[in-house]
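K.L.:
Produce the complete structure using the sequences and hints provided.
2 protein chains.
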Amino acid sequence: MFSDIKFNKEVPVYIQIKDYIKEMILGGMLQSGEKLPSTREMSSIMKVSRNTIIYAYEFLEDEGFICIKKGKGAFVCEIHVEMQEKWNVNWKTLINDYARASESLDIVKHEAKWKKGMISFKSIAPDENLFDVEEFKKAFLNRMSIEGEKILNYGYAQGYRPLINYLLKYMKNKGVNIRGKDILITNGFTEGFDIILSSLTNTNDKVLCENPTHNTAIKIMKLHGLTIEGVDMDADGINIKKLQEKLEKDKFALSYFIPSYHNPTGIVMSPEKRVKLYKLLKKYNIPIIEDGFNEELRYTGAHVAPIAALCGEGNSVIYIGSFSKVLFPGIRIGWILGDENIIGYLESVKRSRNIHTSFLDQAVFYDYLQGGNFEKYIKKARKVYKEKYEFAIECAKKYISTGQVMGEGGLHIFIKIDGINARKLLDRCYDKGVIFTPGDIFYTDNKGADTFRLGFSRVNKNEIQIGFQIIGDEVSNLIRETMEEKNV
Amino acid sequence: MFSDIKFNKEVPVYIQIKDYIKEMILGGMLQSGEKLPSTREMSSIMKVSRNTIIYAYEFLEDEGFICIKKGKGAFVCEIHVEMQEKWNVNWKTLINDYARASESLDIVKHEAKWKKGMISFKSIAPDENLFDVEEFKKAFLNRMSIEGEKILNYGYAQGYRPLINYLLKYMKNKGVNIRGKDILITNGFTEGFDIILSSLTNTNDKVLCENPTHNTAIKIMKLHGLTIEGVDMDADGINIKKLQEKLEKDKFALSYFIPSYHNPTGIVMSPEKRVKLYKLLKKYNIPIIEDGFNEELRYTGAHVAPIAALCGEGNSVIYIGSFSKVLFPGIRIGWILGDENIIGYLESVKRSRNIHTSFLDQAVFYDYLQGGNFEKYIKKARKVYKEKYEFAIECAKKYISTGQVMGEGGLHIFIKIDGINARKLLDRCYDKGVIFTPGDIFYTDNKGADTFRLGFSRVNKNEIQIGFQIIGDEVSNLIRETMEEKNV
Numbered sequence: 001m002f003s004d005i006k007f008n009k010e011v012p013v014y015i016q017i018k019d020y021i022k023e024m025i026l027g028g029m030l031q032s033g034e035k036l037p038s039t040r041e042m043s044s045i046m047k048v049s050r051n052t053i054i055y056a057y058e059f060l061e062d063e064g065f066i067c068i069k070k071g072k073g074a075f076v077c078e079i080h081v082e083m084q085e086k087w088n089v090n091w092k093t094l095i096n097d098y099a100r101a102s103e104s105l106d107i108v109k110h111e112a113k114w115k116k117g118m119i120s121f122k123s124i125a126p127d128e129n130l131f132d133v134e135e136f137k138k139a140f141l142n143r144m145s146i147e148g149e150k151i152l153n154y155g156y157a158q159g160y161r162p163l164i165n166y167l168l169k170y171m172k173n174k175g176v177n178i179r180g181k182d183i184l185i186t187n188g189f190t191e192g193f194d195i196i197l198s199s200l201t202n203t204n205d206k207v208l209c210e211n212p213t214h215n216t217a218i219k220i221m222k223l224h225g226l227t228i229e230g231v232d233m234d235a236d237g238i239n240i241k242k243l244q245e246k247l248e249k250d251k252f253a254l255s256y257f258i259p260s261y262h263n264p265t266g267i268v269m270s271p272e273k274r275v276k277l278y279k280l281l282k283k284y285n286i287p288i289i290e291d292g293f294n295e296e297l298r299y300t301g302a303h304v305a306p307i308a309a310l311c312g313e314g315n316s317v318i319y320i321g322s323f324s325k326v327l328f329p330g331i332r333i334g335w336i337l338g339d340e341n342i343i344g345y346l347e348s349v350k351r352s353r354n355i356h357t358s359f360l361d362q363a364v365f366y367d368y369l370q371g372g373n374f375e376k377y378i379k380k381a382r383k384v385y386k387e388k389y390e391f392a393i394e395c396a397k398k399y400i401s402t403g404q405v406m407g408e409g410g411l412h413i414f415i416k417i418d419g420i421n422a423r424k425l426l427d428r429c430y431d432k433g434v435i436f437t438p439g440d441i442f443y444t445d446n447k448g449a450d451t452f453r454l455g456f457s458r459v460n461k462n463e464i465q466i467g468f469q470i471i472g473d474e475v476s477n478l479i480r481e482t483m484e485e486k487n488v
Numbered sequence: 001m002f003s004d005i006k007f008n009k010e011v012p013v014y015i016q017i018k019d020y021i022k023e024m025i026l027g028g029m030l031q032s033g034e035k036l037p038s039t040r041e042m043s044s045i046m047k048v049s050r051n052t053i054i055y056a057y058e059f060l061e062d063e064g065f066i067c068i069k070k071g072k073g074a075f076v077c078e079i080h081v082e083m084q085e086k087w088n089v090n091w092k093t094l095i096n097d098y099a100r101a102s103e104s105l106d107i108v109k110h111e112a113k114w115k116k117g118m119i120s121f122k123s124i125a126p127d128e129n130l131f132d133v134e135e136f137k138k139a140f141l142n143r144m145s146i147e148g149e150k151i152l153n154y155g156y157a158q159g160y161r162p163l164i165n166y167l168l169k170y171m172k173n174k175g176v177n178i179r180g181k182d183i184l185i186t187n188g189f190t191e192g193f194d195i196i197l198s199s200l201t202n203t204n205d206k207v208l209c210e211n212p213t214h215n216t217a218i219k220i221m222k223l224h225g226l227t228i229e230g231v232d233m234d235a236d237g238i239n240i241k242k243l244q245e246k247l248e249k250d251k252f253a254l255s256y257f258i259p260s261y262h263n264p265t266g267i268v269m270s271p272e273k274r275v276k277l278y279k280l281l282k283k284y285n286i287p288i289i290e291d292g293f294n295e296e297l298r299y300t301g302a303h304v305a306p307i308a309a310l311c312g313e314g315n316s317v318i319y320i321g322s323f324s325k326v327l328f329p330g331i332r333i334g335w336i337l338g339d340e341n342i343i344g345y346l347e348s349v350k351r352s353r354n355i356h357t358s359f360l361d362q363a364v365f366y367d368y369l370q371g372g373n374f375e376k377y378i379k380k381a382r383k384v385y386k387e388k389y390e391f392a393i394e395c396a397k398k399y400i401s402t403g404q405v406m407g408e409g410g411l412h413i414f415i416k417i418d419g420i421n422a423r424k425l426l427d428r429c430y431d432k433g434v435i436f437t438p439g440d441i442f443y444t445d446n447k448g449a450d451t452f453r454l455g456f457s458r459v460n461k462n463e464i465q466i467g468f469q470i471i472g473d474e475v476s477n478l479i480r481e482t483m484e485e486k487n488v
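Going down the list, the protein sequences come from chains F and X. Using this note's numbering, you'd call the opening residue of the first sequence number 1 and step up by one each time. Using this note's numbering, you'd call the opening residue of the second sequence number 1 and step up by one each time.
The hints are simulated quantities; they were obtained by calculation from the structure and are not laboratory data. Warning: the hint list may mix true and false statements.
Subject to a maximum C-alpha distance of 25 Å in a straight line, what follows is the list of computed BS3-like cross-link-like pairs (lysine-lysine) [what the hints assert, rightly or not]:
| # | chain 1 | residue 1 | chain 2 | residue 2 |
| --- | --- | --- | --- | --- |
| 1 | X | K150 | F | K9 |
| 2 | X | K6 | F | K169 |
| 3 | F | K150 | X | K461 |
| 4 | X | K416 | F | K86 |
| 5 | X | K486 | X | K122 |
| 6 | X | K150 | F | K113 |
| 7 | X | K122 | F | K283 |
| 8 | X | K169 | F | K86 |
| 9 | X | K416 | X | K386 |
| 10 | F | K122 | F | K398 |
| 11 | F | K380 | X | K70 |
| 12 | F | K9 | X | K138 |
| 13 | X | K9 | F | K86 |
| 14 | F | K150 | X | K376 |
| 15 | F | K251 | X | K86 |
| 16 | F | K69 | X | K383 |
| 17 | X | K86 | F | K241 |
| 18 | F | K172 | X | K6 |
| 19 | X | K169 | F | K6 |
| 20 | F | K376 | X | K388 |
| 21 | F | K137 | X | K138 |
| 22 | F | K251 | X | K92 |
| 23 | F | K137 | X | K150 |
| 24 | X | K279 | F | K86 |
| 25 | F | K279 | X | K86 |
| 26 | F | K379 | X | K70 |
| 27 | X | K432 | F | K138 |
| 28 | X | K386 | X | K397 |
| 29 | X | K388 | X | K113 |
| 30 | X | K9 | F | K172 |
| 31 | X | K109 | F | K150 |
| 32 | F | K150 | X | K9 |
| 33 | F | K380 | X | K69 |
| 34 | X | K150 | F | K383 |
| 35 | F | K70 | X | K383 |
| 36 | F | K379 | X | K150 |
| 37 | F | K376 | F | K169 |
| 38 | F | K109 | F | K222 |
| 39 | F | K447 | F | K122 |
It should be emphasised that the depicted structure is a prediction, and the values quoted were computed from it without experimental measurement.
P.N.:
Here it is as structure tokens:
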């Protein structure tokens, strides 16, 4: 007894001893009233200093596991862990429809998984090697010295005021009129969209969006019991005529669009189309939720204002912003910009969900941004991703030449090959060590079986070349086999 | 023009210049095609180095606001901010019942607000002055050097694996059998409770709890459309007989309890009562949600196991843990411990809500905890809060002697004074610069008008003395006036 303790290097020794003895007490190996070896004896059994044992005993006493009687020694307390009969609940029958749907729509759980050594085109997360960790550390230390310990205590549901002000100015610099508007900080786009739908829609409401569109948005809309009406896209984005037809026919609670480097197609909606879209929705008075996704990576030679900039002092567009596809997605910071009255309600919903987004993260992020790091970073990131994008397009044209290649930049391209089944293709490529995202998950109407998305942000040029070549070969094989089957 | 720019010290000068020119372009003061002063001219107008101007122009070009033509100069691009007609949506009519209820149940918005100079007994947040910021900084730097930039990229919905493992062991050390169980990291208790109710209840389900109980829990249950059945409490916690009566009469989907330093009463449920409660709920097969609130601050001389420890390998108790009432609430980290199958569903719900809790915060928190800082901190915190608690009890008995004082430690006490209206009392005290939480917000049945909660974690002894004296005086005044009214 006691001499079999094994120490690791990560945790202070006195804590390991404390936990070890606690475990013996809880496990019944040490009984109530039993005397522990003296600190001197224990120190020689465990081969650690006597002070370490004294320290461990002190903590054990603090936590109510032993009583130290002066001159008599340390005794195990009466511990009330009277194990009761095991009681099992059949939780599976208690899980409700919402949780079941969350699970079944959870692509992380149900799509093919990356394995070590594979080339993955699944991710459209930023390449972390571009992150400037040293500047981030500086921002942390600087902000800690300014804010001190209070930044680790509770903050406010709306967010960290300096960050809100920074983002208001940031949005103003995109051409958005911020008068009468305000910002709520959220845990990324996902929470922003979820809070908006939670607050502004009711089950069975109809929502307009592009078809295909962001898979997470589809998931959240489905979880809210909404009817999703996707509008087909042309090579330059949403088909305005089809949009108009839908608007004439039906009533919609909201509309949701991704105007820049649209997910999954990579299409940037032109300024002219943005105006047409805006005017049409205005005519039918259907509020717009604009997803600012990837806007930061845009490099077209001329500034293109978000849709939110078109309504001036009007309040009809709610903009969801996030740097997660560009910078530090792990800290989960996004924002909602909208009418200040709406933000007031969304703030209360946010408070009822999780009180607020980490104030530490918000403060450090603010410090990082306002020091000018973001501008420098984005300059570098745009250059790197642009190069990769151009190389990906080149390889796609060379190796996957039968496909229609979409995407004008950003972090991914989208491919459609008539007559091919992308899931069959994925199975084949998976065996060859290449993985990508089948396009059907982005469609609102079970279409898209012949499409797939290739994210290139976290692969290098070599991987793009090899991976695209493998995909191209398997496309050819599949097409040849289909032809042969037909001829038989 | 240009010479009226005013620089602040916080933001790099080239960014201020960039934003200033951007604003002029977006505001129409600089028109498309207009030529900007040369970098040399601008440098003399703005009184900054020419390099700064060159840098600012480069960024303006990157962002698509100006075009630099070699040998000719910098020209404003054609900017597409065609302001459209203002379009206002009447959002107030679109806000749904859930958001309206969130707002109306939001006590931050509707309860009396603290003003500078006031003595506030509202808060039961930890005293940030106890936080060991230097150790936290060390944990940050250490974890950053171990994890590097990848900790800033996307993580996993379930949480940061080392933290999950740490907490599993932590729960095991409380006597909980963790076999077949798992942990989901959440943004604090609030998110944990919300995710559980979202996944396991349906509108109009009945939920059992103590009466009074945690106000945020009541809010979340109401927002889920649940019927709340509160069971009255005695001086030593929930009345088991009344609990049994309710169980005999009705079917309940879930039950929710706060066994340690109960909010708001401060009562610790005895080990015997925990066993009785457990057995009774087992008999009726009503799963238990245990709120581990303030458990870490318990100092009774003997370890008291959480209810979750009573069911051994059974899965009938879901435990929600959080250190937020003790340590770093601003980073919003809590956890749910439960049956591993349930955790799988809750993980998908978490992913659909906000993908995951900040990985940076989880990693730093883990580093802080595993280094043994938590044990040292909690030792110090227990001592400080115990002293304050004892002083608060002393003052309550002295100055508010007509009241029944509840609370056995933790961060607050609870007072009931027959015949007094706590909101009237609050109004009076507010005028005298003292603020506290009226007790009615904790009741599930509109009772508690004669109760109030006094949090003492963030006030000093002097404030406790002065504040309690003021409350006591106003209690006496109110009672005297009521007597006089009756006599008139």
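K.L.:
So, for every hint listed, does it hold in this structure?
P.N.:
Each hint, compared with the structure:
1. Annotation: proposed proximity of X:K150 to F:K9 holds, straight-line Cα distance about 24 Å (limit 25 Å).
2. Straight-line distance between C-alpha atoms of X:K6 and F:K169 comes to about 16 Å, which keeps the hinted pair within the 25 Å bound.
3. Restraint check for F:K150 and X:K461: satisfied, since their Cα atoms lie roughly 20 Å apart, inside the 25 Å limit.
4. Our distance criterion of 25 Å between C-alpha atoms is broken by X:K416 and F:K86, whose separation comes to about 39 Å.
5. The straight-line distance between the Cα atoms of X:K486 and X:K122 is roughly 32 Å, outside the 25 Å bound, and the hint therefore fails.
6. Restraint check for X:K150 and F:K113: the C-alpha separation of about 19 Å stays at or below 25 Å, so the hint holds.
7. Pair hint X:K122 plus F:K283 does not hold up; C-alpha atoms about 49 Å apart against a cutoff of 25 Å.
8. Between X:K169 and F:K86, the direct Cα distance comes to roughly 20 Å. Compliance with the 25 Å bound is thereby established for this hinted pair.
9. With a CA separation close to 22 Å, the supplied pair X:K416 and X:K386 stays within the 25 Å bound.
10. Between F:K122 and F:K398, the direct Cα distance comes to roughly 21 Å. Compliance with the 25 Å bound is thereby established for this hinted pair.
11. Restraint check for F:K380 and X:K70: the C-alpha separation of about 23 Å stays at or below 25 Å, so the hint holds.
12. For the proposed pair F:K9 and X:K138, the alpha carbon gap of about 17 Å is at most 25 Å, so the pair holds.
13. Restraint check for X:K9 and F:K86: not satisfied, since their Cα atoms lie roughly 64 Å apart, outside the 25 Å limit.
14. Distance restraint check for F:K150 and X:K376: the Cα-Cα separation of roughly 20 Å lies within the 25 Å cut-off, and the hinted pair is therefore satisfied.
15. Taking the CA atoms of F:K251 and X:K86, the gap is about 22 Å. The hint holds against a cut of 25 Å.
16. Between F:K69 and X:K383 the CA atoms are separated by roughly 20 Å; this keeps the pair inside 25 Å, and the hint holds.
17. This hinted pair checks out: X:K86 and F:K241 have alpha carbons roughly 23 Å apart, not beyond 25 Å.
18. A threshold of 25 Å between alpha carbons decides the hint, and for F:K172 with X:K6 the separation of about 18 Å falls inside it, so the pair holds.
19. The suggested pairing of X:K169 with F:K6 holds, with an alpha-carbon distance near 16 Å, which does not exceed 25 Å.
20. A distance of roughly 50 Å separates the Cα atoms of F:K376 and X:K388; the hinted pair therefore is violated under the 25 Å criterion.
21. With a CA separation close to 11 Å, the supplied pair F:K137 and X:K138 stays within the 25 Å bound.
22. Taking the CA atoms of F:K251 and X:K92, the gap is near 18 Å; set against the 25 Å cutoff, the hint holds.
23. Using a Cα cut-off of 25 Å, the hinted pair F:K137 and X:K150 holds, with the two alpha carbons roughly 14 Å apart.
24. For a cut-off of 25 Å, the pair hint linking X:K279 to F:K86 stands: about 11 Å separates their Cα positions.
25. Note on F:K279 and X:K86: the hinted pairing holds, with a Cα-Cα distance of about 11 Å set against a maximum of 25 Å.
26. With a CA separation close to 21 Å, the supplied pair F:K379 and X:K70 stays within the 25 Å bound.
27. For the proposed pair X:K432 and F:K138, the alpha carbon gap of about 45 Å is over 25 Å, so the pair is violated.
28. Pair hint X:K386 plus X:K397 holds up; C-alpha atoms about 17 Å apart against a cutoff of 25 Å.
29. Restraint check for X:K388 and X:K113: the C-alpha separation of about 24 Å stays at or below 25 Å, so the hint holds.
30. Restraint check: the Cα-Cα separation between X:K9 and F:K172 comes to about 21 Å, which is no more than 25 Å; the hinted pair holds.
31. For the proposed pair X:K109 and F:K150, the alpha carbon gap of about 22 Å is at most 25 Å, so the pair holds.
32. At roughly 24 Å between alpha-carbon atoms, F:K150 and X:K9 fall within 25 Å of each other, so this suggested pair holds.
33. This hinted pair checks out: F:K380 and X:K69 have alpha carbons roughly 22 Å apart, not beyond 25 Å.
34. A distance of roughly 21 Å separates the Cα atoms of X:K150 and F:K383; the hinted pair therefore holds under the 25 Å criterion.
35. Proximity of F:K70 to X:K383 is assessed by CA-CA distance (about 21 Å); at most 25 Å being required, the pair is judged to hold.
36. Restraint check for F:K379 and X:K150: the C-alpha separation of about 21 Å stays at or below 25 Å, so the hint holds.
37. Taking the CA atoms of F:K376 and F:K169, the gap is near 18 Å; set against the 25 Å cutoff, the hint holds.
38. For the given pair, F:K109 sits about 17 Å from F:K222 by alpha-carbon distance, which is consistent with the 25 Å threshold.
39. Annotation: proposed proximity of F:K447 to F:K122 holds, straight-line Cα distance about 20 Å (limit 25 Å).
Going through the hint list in order, the structure does not satisfy hints 4, 5, 7, 13, 20, 27.
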